[in-house]
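Chains as they are written, first to last, in this note's numbering: chain A, 416 to 632; chain B, 416 to 632.
Note that these hints are calculated values from the structure, not bench results. Small disclaimer: the values here were computed from a predicted structure and weren't measured. Careful: at least some of the hints might be erroneous.
Which copy? The list can't say, so a pair holds if one copy fits it or any two copies do.
[Stated by the list, open to error] Keeping only pairs whose Cα atoms sit at most 25 Å apart, straight-line, the calculated DMTMM-like set for lysine to aspartate or glutamate is:
| no. | residue 1 | residue 2 |
| --- | --- | --- |
| 1 | K532 | E547 |
| 2 | K559 | D509 |
| 3 | K532 | E554 |
| 4 | K434 | D610 |
| 5 | K532 | E543 |
| 6 | K506 | E449 |
| 7 | K532 | D505 |
| 8 | K477 | E541 |
| 9 | K559 | E611 |
| 10 | K434 | E611 |
2 protein chains.
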Amino acid sequence: MPTLTDPDIATVARSHSAKRLSIIDAAANVFCREGFSGANIDLVAMEAGVSRQTVYNHHRDKENLFAAVVRQVTERINAEMFDTLATFPDKPTDLQADLAGFAMRLARNCLCSREGKFLRKLIQSEGERYPELFSAWREDGPGKTNAALAARFARLALAGHLDIDDPDVAARQFVALVHADLQIIMVLGGNPTEDELRRSAATAVTTFLRAYGRRAA
Amino acid sequence: MPTLTDPDIATVARSHSAKRLSIIDAAANVFCREGFSGANIDLVAMEAGVSRQTVYNHHRDKENLFAAVVRQVTERINAEMFDTLATFPDKPTDLQADLAGFAMRLARNCLCSREGKFLRKLIQSEGERYPELFSAWREDGPGKTNAALAARFARLALAGHLDIDDPDVAARQFVALVHADLQIIMVLGGNPTEDELRRSAATAVTTFLRAYGRRAA
DNA sequence: AGATTTTTAGACAGGCTTGTCCAAATAGTC
DNA sequence: GACTATTTGGACAAGCCTGTCTAAAAATCT
Numbered sequence: 416m417p418t419l420t421d422p423d424i425a426t427v428a429r430s431h432s433a434k435r436l437s438i439i440d441a442a443a444n445v446f447c448r449e450g451f452s453g454a455n456i457d458l459v460a461m462e463a464g465v466s467r468q469t470v471y472n473h474h475r476d477k478e479n480l481f482a483a484v485v486r487q488v489t490e491r492i493n494a495e496m497f498d499t500l501a502t503f504p505d506k507p508t509d510l511q512a513d514l515a516g517f518a519m520r521l522a523r524n525c526l527c528s529r530e531g532k533f534l535r536k537l538i539q540s541e542g543e544r545y546p547e548l549f550s551a552w553r554e555d556g557p558g559k560t561n562a563a564l565a566a567r568f569a570r571l572a573l574a575g576h577l578d579i580d581d582p583d584v585a586a587r588q589f590v591a592l593v594h595a596d597l598q599i600i601m602v603l604g605g606n607p608t609e610d611e612l613r614r615s616a617a618t619a620v621t622t623f624l625r626a627y628g629r630r631a632a
Numbered sequence: 416m417p418t419l420t421d422p423d424i425a426t427v428a429r430s431h432s433a434k435r436l437s438i439i440d441a442a443a444n445v446f447c448r449e450g451f452s453g454a455n456i457d458l459v460a461m462e463a464g465v466s467r468q469t470v471y472n473h474h475r476d477k478e479n480l481f482a483a484v485v486r487q488v489t490e491r492i493n494a495e496m497f498d499t500l501a502t503f504p505d506k507p508t509d510l511q512a513d514l515a516g517f518a519m520r521l522a523r524n525c526l527c528s529r530e531g532k533f534l535r536k537l538i539q540s541e542g543e544r545y546p547e548l549f550s551a552w553r554e555d556g557p558g559k560t561n562a563a564l565a566a567r568f569a570r571l572a573l574a575g576h577l578d579i580d581d582p583d584v585a586a587r588q589f590v591a592l593v594h595a596d597l598q599i600i601m602v603l604g605g606n607p608t609e610d611e612l613r614r615s616a617a618t619a620v621t622t623f624l625r626a627y628g629r630r631a632a
C-alpha cells in the first residue's frame, strides 16, 4: 500500500506536476514579456527546460496554455490577497501605523508582486480578446477582494475608529491611494524599493485618514 | 507666388498629410487592439484606405510606424491635458462643484479618451520593449502635467481654499481618486457613461476635500 | 496637355511559428 | 528485469507576415 512518503508515487506526481508548473511559470513570463501574439512556444519550452512536444502534451495549444496561465495566476494572487487581508488591523492601537503596515503588505504582496504586475498587464493587453476569461476574473478577483476589504473597513468604522459612509468606495479609494505613487515606478517594469513602499504606504494612509478618520465630535 | 489658399499646394499638402494622418490613426487602432507583434501592416493599410506600399513609403518599417504613433498620441493627449488644465477652477465659488466639474473633464478628456486608454495600454504592454521611447514620454507626459496640476493646487491652497502640505502628492492622489472608480469600468474596453463620469468625479472630489479641505480653525 | 511625382495592385522571397508525426530514449511501475 | 507511460529531438507541412520590387494607373504640377 503506497504511503505519502512513498518515493515512487511522490516522484511521479512531483515530476509530472513540477513539469506542469514550470511550463506554466515559463509561459507566464513569456506571455508577460511578449504578449500573446509575440509569445513563442519554443521559448516557453526552453525556459521551462522541457521539449516543445511536452508543452503541447500538457496543454493542447497556445490558447489553452494561455488560459491555464491566467487561471493559475488569478488563483495565486487571490490567495495572496486573502492572506494579506488576514493581517488587516481589526483592533488597531495606532491607526496610522497599523494601516500603513497593512498598506505596505498589500502593495508588496498583491500590487507589486510578479503575479500582480503580470495580471494587470495581461488584462490591459489581452482583455478584449478574451472577454469571458477576464470577466470571470473580474468577479472572482476584484469583486471578492474589494468586498472583503470593504467589510474590514466597515467593522473598523463600526468600532468607532473611522468615519465611513460607503465602505465599498472607501476600499476602492484606499487601494487607489496606495497604488498612486507606485504606478509611476512600475510603469517601466521597475520594482519599488522597500523604502519607496514604506513611504508611499505612509502617504496614502495619511490622506486616507484625513478623509476617513473620526471627525472631532 | 503661392498663397495659403492656393488650391494646388493646399491639396498636395492635405492629401499628403491627410494620408499620413489616416495611416497613423489606423495604425493606432490596430496596435492598440493587437499589440505590436500582433499588428498587421496589411490591416493598417486596409483600415487607412491605402495600399500597403504607401504605408511603407511614409514610414520605413513597422518599428518606425509604431514610434510615429506613440509620438502622435502623446502629443495629442498632452495638448488635451493642458487644454483641460486651463479650465481648472482658480477662483472657485463652490469648491466641491467646481472641482467635480474639473475632475469630470479630466476623466472624460484625458483618462477615458481614446488616446488616453490607448497610451496606457501601449505603455503597459510595450513599455519594456522601448524603454527610451517611453521614458521620454514619462518626462514629457506625466512629469509635466502632474507638475502643472500641482501648481494649480498650490495656488488654491495659498488662496486659502485648501490645506495642502505637498502639492505634488495632492495632485497625484487627485488623479488616482478620479481614476479609481473608472478603472473597473474600462478594464474590459468599455466606456463610462456621462452619468458614471459625474458620479465618480463627485465621489473622488468629496474624499479629496475631506482630506485636503480647509481644517476648521 | 505634357512632365513628374505619388499611389496602387500584385507577385515574390525569406523568415518565423504553430501544430503534427514518429522513432528513439528515458524514467517510473510491478 | 520486463512493461508501460512519458519525454525527447527532429523533421515536416502549412500558414502568415514583413519588406522589396515591378509595371501600370492616378493624381499633381507647370
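(Q) Please sort K559 with E611 into within, between, both or neither, judging by C-alpha distance up to 25 Å. (A) between (28 Å within a copy, 22 Å between copies)
Q.
I want to check one pair: K434 and D610. Are their C-alpha atoms no more than 25 Å apart within a copy, between two copies, both, or neither?
A. neither (37 Å within a copy, 50 Å between copies)
(Q) One pair to classify: K532 and E543, alpha carbons no more than 25 Å apart. Within, between, both, or neither? (A) both (18 Å within a copy, 13 Å between copies)
Q. Under a CA distance limit of 25 Å, which applies to K506 and E449: within one copy, between copies, both, or neither?
A. The answer is neither: 45 Å in one copy and 48 Å across copies each exceed 25 Å.
**Q.** Status of E541 relative to K477 across identical chains (alpha carbons, at most 25 Å)
**A.** both (14 Å within a copy, 21 Å between copies)
Q. When no copy is named, should K532 and D505 be tagged within, between, both, or neither for a Cα gap of at most 25 Å?
A. neither (28 Å within a copy, 38 Å between copies)
Q) When no copy is named, should K532 and E547 be tagged within, between, both, or neither for a Cα gap of at most 25 Å? A) both (21 Å within a copy, 21 Å between copies)
Q: Evaluate K559 and D509 at a C-alpha cut-off of 25 Å and name the case that applies: within, between, both or neither.
A: neither (27 Å within a copy, 37 Å between copies)
Q) Given identical chains, is K532 near E554, meaning Cα to Cα at most 25 Å, within a copy, between copies, both, or neither? A) Cα proximity of K532 and E554: in one copy and across copies (19 Å, 22 Å).
(Q) Within, between, both or neither: how does the pair K434, E611 come out at a Cα-Cα threshold of 25 Å? (A) Classified as neither; 36 Å inside a copy, 46 Å across copies.
Against the hints set out earlier in the document, violations occur for numbers 2, 4, 6, 7, 10.
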